[in-house]
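Enquirer: Residue numbers (my numbering), protein chains in the order written: chain C, 39 to 635; chain A, 35 to 325; chain R, 1487 to 1725.
These aren't lab readings, by the way, just hints derived from the structure by calculation.
Note that the coordinates shown come from a computational prediction; the quantities given were computed from them, not determined experimentally.
For glycine and all other residues, C-beta sits at the position ideal for the given N, C-alpha and C.
One or more hints might be untrue.
Claimed, not checked - Some chain A residues well away from chain C (every beta-carbon gap over 10 Å; in silico): (1) I295; (2) A299; (3) L305.
Unchecked claim - Restraint ranges, calculated between C-beta atoms of paired labels, are given here: (4) H195(A) to Q1555(R): 38 to 48 Å; (5) H195(A) to R225(C): 27 to 37 Å; (6) L111(A) to S1552(R): 13 to 23 Å.
Said to hold, decoys possible - Computed far set for chain A versus chain C, every beta-carbon distance over 10 Å: (7) L138; (8) L166; (9) T248.
Residues per chain are reported as follows:
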Amino acid sequence: MTSAALAQPWRGLGARAPWAIAALALIAYAGFASPYELRVLAFAGTQVVLVLGYQFIFGHAGALSLAQGAFFGIGAYVTAVLGGRYGLGFLGTFPLSILIPLALAAIVAAPVLRLASHYFALATLGLAQLALLAAVNGGEFTGGALGLTGVPGIVLLGWTVPRGIAFAAVVWLVVAAGAWLSLRLTRGLTGRAYAVLRGDPLAASAIGLSEQHLRLAAFLLSAGYAGAAGALDAHILGVVSSETMAFSVMVACLAMTVIGGSTRLAGAFIGALLLTYLPEWLRSLEGYSLLAYGAALLLAIVLAPSGIAGAVAGTIAALGRVRRPVLPAPAELPEPQGPSGLPLLVVRGLAKRFGGIEALKGVDLTIDRGEILGVIGPNGSGKTTLANLVSGFVRPDGGTVILAGQSLTPLGASAIARAGIGRSFQHPALPPELSVLEMVALARASLSDDLGFRAALAGRDRGDRRERHEAEALHFLQVLDADGYARYPCNALPYRAAWRVEIARILALEPKLVILDEPAAGLNEAEQGELARSLRRLARRGLGLLVIEHNMPFLLPVADRVMVLDEGRVIASGKPEDIRRNPAVVAAYLGRRAGMS
Amino acid sequence: MTAFLQLAFNGLALGAAYALVALGFVLVLNATSAVNFAQGDLVMAGGYGAAALAALLPLPGLALLPLVMAAMAVLGLAVAALAYFPLMRRPASSVFISTIAVGLLLQNGALHLFGPEPRAAPPVLGGGQMHLGHVVLSYQSLAIVVIAAALVAGQRWLFAHTQLGRRMRATAQDREMAAALGIPVRTMIALTFALAAALAGASGALLSNQFFVTPTEGGALILKAYIAVVIGGWGSLEGAVLGALLIGVFETLVAAWFDYITAEALLYGVLLLILLGRPQGFYGEAAGRRA
Amino acid sequence: MRGRLLAIDVPGAALESASLAVAAGEVVALLGANGAGKSTLLRSIMGLEPARGGQRLAGEEIGALSPAQRARRGIGYVPEGRRLFPGMSVRDTLLVGSREGTAAAERRMSAVLELFPMLAERLMTPAWQLSGGQQQMLAIGRALMSEPKLLLLDEPSLGLAPVVVDELMLRLRGIAAGGAAVLLAEQSVARALEIADRVYALAMGRVVAEGTPAAMQASGVLERAFLGADAVSPARRPP
Chain C
39 MTSAALAQPW RGLGARAPWA IAALALIAYA GFASPYELRV LAFAGTQVVL
89 VLGYQFIFGH AGALSLAQGA FFGIGAYVTA VLGGRYGLGF LGTFPLSILI
139 PLALAAIVAA PVLRLASHYF ALATLGLAQL ALLAAVNGGE FTGGALGLTG
189 VPGIVLLGWT VPRGIAFAAV VWLVVAAGAW LSLRLTRGLT GRAYAVLRGD
239 PLAASAIGLS EQHLRLAAFL LSAGYAGAAG ALDAHILGVV SSETMAFSVM
289 VACLAMTVIG GSTRLAGAFI GALLLTYLPE WLRSLEGYSL LAYGAALLLA
339 IVLAPSGIAG AVAGTIAALG RVRRPVLPAP AELPEPQGPS GLPLLVVRGL
389 AKRFGGIEAL KGVDLTIDRG EILGVIGPNG SGKTTLANLV SGFVRPDGGT
439 VILAGQSLTP LGASAIARAG IGRSFQHPAL PPELSVLEMV ALARASLSDD
489 LGFRAALAGR DRGDRRERHE AEALHFLQVL DADGYARYPC NALPYRAAWR
539 VEIARILALE PKLVILDEPA AGLNEAEQGE LARSLRRLAR RGLGLLVIEH
589 NMPFLLPVAD RVMVLDEGRV IASGKPEDIR RNPAVVAAYL GRRAGMS
Chain A
35 MTAFLQLAFN GLALGAAYAL VALGFVLVLN ATSAVNFAQG DLVMAGGYGA
85 AALAALLPLP GLALLPLVMA AMAVLGLAVA ALAYFPLMRR PASSVFISTI
135 AVGLLLQNGA LHLFGPEPRA APPVLGGGQM HLGHVVLSYQ SLAIVVIAAA
185 LVAGQRWLFA HTQLGRRMRA TAQDREMAAA LGIPVRTMIA LTFALAAALA
235 GASGALLSNQ FFVTPTEGGA LILKAYIAVV IGGWGSLEGA VLGALLIGVF
285 ETLVAAWFDY ITAEALLYGV LLLILLGRPQ GFYGEAAGRR A
Chain R
1487 MRGRLLAIDV PGAALESASL AVAAGEVVAL LGANGAGKST LLRSIMGLEP
1537 ARGGQRLAGE EIGALSPAQR ARRGIGYVPE GRRLFPGMSV RDTLLVGSRE
1587 GTAAAERRMS AVLELFPMLA ERLMTPAWQL SGGQQQMLAI GRALMSEPKL
1637 LLLDEPSLGL APVVVDELML RLRGIAAGGA AVLLAEQSVA RALEIADRVY
1687 ALAMGRVVAE GTPAAMQASG VLERAFLGAD AVSPARRPP
């Protein structure tokens, strides 16, 4: 529990009160419900589990999977086959109904997960169709088009859970377990990492998060939850057929998730319960329920893209009822006085061609510790390509990059970032729900093992650990005089403060070398002065800086050395004063052609 | 050999109808960078539209076809207005979901209006068949091939030789630049939806004579359109048509040798293999230089 | 100054404040390093970038108009990187920008092709197969098809060989002589000073100097703006 919650205990209770009331209401309702109503209640529970799972891949990872219905069906078939034919009890069938969809997801993940949006959606739909065909054509094994009957009820260690309230209780215990796990996995830093991922994968990699790992984990979890939901559904109905795997199951799941809210726990409950009970309440509309589904889904995606739960949370926030996060005390980290003059980065013969165009034709450069190297050159001269090659976002065709004695040439972008190269991005699309402090804290956490579902499960991505990362993040924001912006939403940062936060984020990753691409663009003179002072301060910490800039009045005073690129080649290199007098540079910038003026 | 030719011809007719679906799919994809998931359900709507019109007007299919296409174009405008324009500035997956919702509305609308029983539209010209050697060419299959070819050619002509077509192409390639040239881009996008729906409707009217139409067939059709577009290279119009023809022939041949289900399963298997090995498709360089 | 055709005052994110005016028949160059706000300024005149402040074209307030409406009011735009429609032929690229009937459009195309004869030989060639210089000519020709009163060009000389740039500049003078106002963003100071009637120097999103090329050369303002030759080092300035 945070110190803030300790100081005002009623606030923590305030957040939980609606949940406690809802749980009590549920128990009270179950006590008076008819057998039919209990059956519907149990079915609603399976839908909550299905949606809770779908929230991982669709809501948190932001990938439109159309295979969730198939995983649901597979879970149901596993229970039907193992329970009905081989007489396995619930304790055998239930875990296997979770594990088998999960394993199948792991198998297809490799080809499918690297696909981008439409490709991913339609490829998962193809997988779902394959699963459906397999079910229809499985002969005796799956019962063909008719399916399998005689799925036993829930049998726990020889005790058959009686239909009715006990059965509903078992289902809702699974719901509670699923909700608890979901909350545990997504409420800490890991959940925020997903917010960054779905906002902009590039921003995620800039913070040091691995897109592949996050997406894979979400996909596997969603498959496991779907399998559990399918297994419970099979127990309730006693029958499993290809209907269990039909596309309508998927569409219903999507509708429930979108309408309820795709990233909030309450959204899973609201969406699943609403769409399960709406047809029950509107009996007069019998047969029109799917029509209503379609209309509701369309309305929700157009009018309330974050679902009912999101809209409610937004309203509460607008009314000012959310507590403002209390800033931790900034961590006291020593300001390193780095050594200078020792070679840090050595680049030899770096070359890259795009199609027929040689963007970079064998560039050599060195940067010492504590040194600022400025790179200038006209548009298209290869400056940004140079930055992309050194930071690993583009693979070179030739040449070597050695950082502090380690060859980076074979490494990818995230490995190079870990090896100690930090890089600025011009306009990362960061999600609105993330504050500046949280974003920098995520970068800090990515250096530790306090991020990811394993960390979340062990409770390492919250509480004290999170506070420590936030305290350290605040320290780095302070170094850049940006601590005043700590609570700002990332996407609402004033233009003039963005560079401070961006450099703080890079510093938080403890790089050895920092690459900045046109940091002074759009800044006025006073701000350029501030930026220049910050850069010198970084150099004093022993960092090497590679600064790409067009703005000579800014760059020349701050750089120790300047390199001039033209058409992919170094045409001049030296001290700033010499560069300013260099005829080629003067010609490029002022148009005094040789012999003129 | 005769059996093979016969199957190939039947497959070609099926593929020609698929080609219209895929063409509409890729036109909208290019114009909006969004997947119109309802494209398959629009085919279904066209099939029902043709069947319903035939009950009102005792005309041959050929005379009904322009009416069906016109009505479907209006439906396409409605899809654009409901499911695309409100979401123009949102991530592309929003449109994917909104068109799933539109598909659901179309399916269940059809279910309530026409019931679950399969319906058939009247043949284009009438029953009957001709022989080419031992190969039987039914007039309906021939008509499908000829009409689909004419519609594909008509779309090509529209894009290549008319100012409207040029503007639709410009909008699809670079919306901002098109606007800077004074082109009303929203109108162009709406017209693209209308054209795509009209093509889907034609396909539905043609297919529903032989294969009947049921409310839920749209899902399989959208997947086939997608596979055609993946085979043909994402964004390529010619590739989509070619891919659709290949799918039609492939499906018919495999269904004859094994069964229909095996054909479907193999098709999805092939799709996954293509995505694994060559996501840019087999035809052209796809998005890089589409026209 | 002859009657103003365009008068704008655009504050924006990358653009602090820029006030400028262009008259018919005039070639005006915007000078400045990357990030100075040249592209943003041109895009906001075209309506592609939101901007506060007033923009008047031939006396009419156009600040609230969409890009397409501005194009129809007579603004032609040649964007950075040309942004041709890659699969389209030269002929289609020219015709697509026309808003007249077929016959009038063909006549206009002939006039444009007279200005750029090398395009006439390649009417059916897809745009992506043209050389860089030809692509630039085509991008300008496309903008000219609607007979704009004001032609905006964003870095038209980028990536072109010097001879091609010379020819391009000659054509721009011809277009201005025909009565259009030409406003071009140019990184190459030499080119801009050679061709322009007047020059605006942009730095940090502001117009820092304005005048004829000769006056700009003489004042030394360009050195200060672009090389910081005698500017006090920002790093050592007190906060």
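Enquirer: Against this structure, judge whether each hint is valid.
Expert: Okay, the hints, checked on the actual structure:
1. Not every beta carbon of chain C lies more than 10 Å from that of I295(A), the smallest distance being close to 5 Å; the non-interface claim is violated.
2. Taking the minimum C-beta to C-beta distance to chain C, about 5 Å, the non-interface status of A299(A) is violated against the 10 Å cut.
3. With a least beta-carbon separation of about 5 Å from chain C, L305(A) fails to lie farther than 10 Å from that chain, contradicting its non-interface assignment.
4. Look at H195(A) against Q1555(R): about 28 Å separates their beta carbons, and that is not inside 38 to 48 Å.
5. Between H195(A) and R225(C) the beta carbon distance is about 60 Å. The supplied range of 27 to 37 Å is therefore violated.
6. The beta-carbon spacing between L111(A) and S1552(R), approximately 21 Å, falls within the hinted interval of 13 to 23 Å.
7. Distance to chain C contradicts L138(A) as a non-interface residue, since its nearest Cβ pair spans about 3 Å, not more than 10 Å.
8. At roughly 35 Å from the closest C-beta of chain C, the C-beta of L166(A) stays outside 10 Å, upholding its exclusion from the interface.
9. Distance check for T248(A) against chain C: the nearest CB is about 14 Å away, which clears 10 Å, and the non-interface claim stands.
Figure legend: structure checked against the earlier numbered hints; hints not met, in rising order: 1, 2, 3, 4, 5, 7.
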